[in-house]
Amino acid sequence: MWDEAEWGGRAACRGTDPEGLFVEGAAQNQAKGVCSGCPVRTECLAHALDQRIEHGVWGGMTERERRALLRRRPLVTSWRSLLEAARIEHERQRVVAAPEPATAVG
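Under the working numbering, the sequence shown has 241 at position 92, and the numbering climbs by one with no breaks.
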């Protein structure tokens, strides 16, 4: 369902210097800031996890954070499927929890 060529063109980082996403130490926090609010953050993260990309900030996570996640969930065979299902469930719950619109009493 997710085509990298398609989602990559909508990424918040597409207009930034790519070297800024492949930094070390405290500079990684600034790089992760580029990801906040990115419309394709989930697709980006899933790509990095499924491809076992070892360097850089992807989907708002550093390589260290991704390695830790991979260690915690070694049985996941498709991060893309897992994260897509989680996003759909989150959106479904958000719709269910939304308050009813107020109606005018007249």
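Treat the hints as calculated values from the structure; they're not laboratory data. Just so you know, not all the hints are guaranteed correct.
What follows is a set of in silico ranges between Cβ atoms, one per label pair, in the way DEER data are often shown [stated by the list, open to error]:
| hint | residue 1 | residue 2 | range |
| --- | --- | --- | --- |
| 1 | Glu168 | Arg201 | 20 to 26 Å |
| 2 | Ala175 | Val244 | 23 to 29 Å |
| 3 | Glu168 | Glu238 | 32 to 38 Å |
Please read these numbers as outputs of a predicted model, since none were measured by experiment. For every residue, glycine included, the Cβ atom is placed at its ideal position computed from N, Cα and C.
Verification of the hints:
1. Glu168 <-> Arg201: 20 to 26 Å: Given a distance of about 21 Å, which is inside 20 to 26 Å, the answer is holds.
2. Ala175 <-> Val244: 23 to 29 Å: The hinted range 23 to 29 Å is violated for Ala175 and Val244, with Cβ atoms some 39 Å apart.
3. Glu168 <-> Glu238: 32 to 38 Å: Since Glu168 and Glu238 have Cβ atoms about 36 Å apart, the given range 32 to 38 Å holds.
Checked against the numbered hints given earlier, the structure breaks only hint 2 and satisfies all the rest.
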